[in-house]
Amino acid sequence: MMDHEISLHPSVHEVEFWKRYRALLRMMAHLESREQMIRALQEETAIPEKTRDDAIGHLKAEHAQNIGAFHDFLVNFSSLALQGLHRVDIRIEISFREDGAPRCHRCTIHVDGRSRDLLVEEGQRLLATLPLTSDDPHPEQSLIRFYESQEQNFDRNSRGELDRCSLEITKEIYPGSGFSAKIRLPAQVFFGSTGETDP
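All the letters of the sequence shown, read from the start, carry residue numbers 1 to 199 under this note's numbering.
Any given hint could be a false lead.
DEER-style ranges, computed between Cβ atoms [what the hints assert, rightly or not]:
(1) G176 / V120: 18 to 28 Å
(2) Q141 / V120: 22 to 32 Å
(3) K60 / D117: 16 to 26 Å
(4) D54 / E168: 21 to 31 Å
(5) Q141 / E43: 20 to 30 Å
(6) E14 / N153: 23 to 33 Å
(7) D54 / V120: 43 to 53 Å
(8) D54 / S149: 47 to 57 Å
(9) S95 / A64: 18 to 28 Å
Simulated from the structure, these hints should not be mistaken for laboratory data.
Backbone N, C-alpha and C fix where the C-beta goes; we use that ideal spot for every residue, glycine too.
Work out the full structure, taking the sequences as your base and the hints as a guide.
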């Protein structure tokens, strides 16, 4: 029986890593173009309403499937990075109101110093890994405790690399109580990666 854990030679790993990075960028560009197409159709008035709605519905269904496939690819890409010396981090900008669920406003991936925005939908999905719930009386404190535990695991044990984790929290008093936050952590925190790629 073949062993599912396959170790790549360093040079092969480098080629494969950057090959997947370029594929990741192409997938991101495709998803962004689909979003632009959907928005353009929603604003189009020259097309009959039923025809337009049918086209939008089809595009949205396809787009949702593509976002799911992109997420799976991103998880595997993050796992591959752990096999080498690459750094893949995620930064999420969020807001939280007492009367609602947390919302992602921006999500960025950092790959060895290269930064690219991810779809907000992906950022919203990654929010599920953060301890933010509408019934928590002090969600910002829960977020701080979560961050501090992750910071200890990475920044303090990473041989001098002290820029992989960061957290900024801004309290909001008016017009309603809440806060906004910007949190950056290694990608494996969000994906639960262990360093093994899928077989």
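Each hint, compared with the structure:
Checked against the given bound of 18 to 28 Å, the beta carbons of G176 and V120, roughly 22 Å apart, stay inside it. For Q141 and V120, the hinted distance range of 22 to 32 Å is satisfied, since their beta carbons lie about 26 Å from each other. A hinted range of 16 to 26 Å for the beta carbons of K60 and D117 is consistent with their spacing of about 21 Å. D54 and E168 have their C-beta atoms about 44 Å apart, which leaves the hinted 21 to 31 Å range violated.
At roughly 43 Å, the beta-carbon separation of Q141 and E43 lies outside the given 20 to 30 Å, and the hint is violated. E14 and N153 have their C-beta atoms about 26 Å apart, which keeps the hinted 23 to 33 Å range intact. For the hinted restraint 43 to 53 Å between D54 and V120, the CB-CB distance of approximately 25 Å leaves it violated. A C-beta distance of roughly 49 Å is found between D54 and S149, which places it inside the suggested range of 47 to 57 Å.
Remark: the range hint 18 to 28 Å for S95 to A64 is upheld by a beta-carbon distance near 24 Å.
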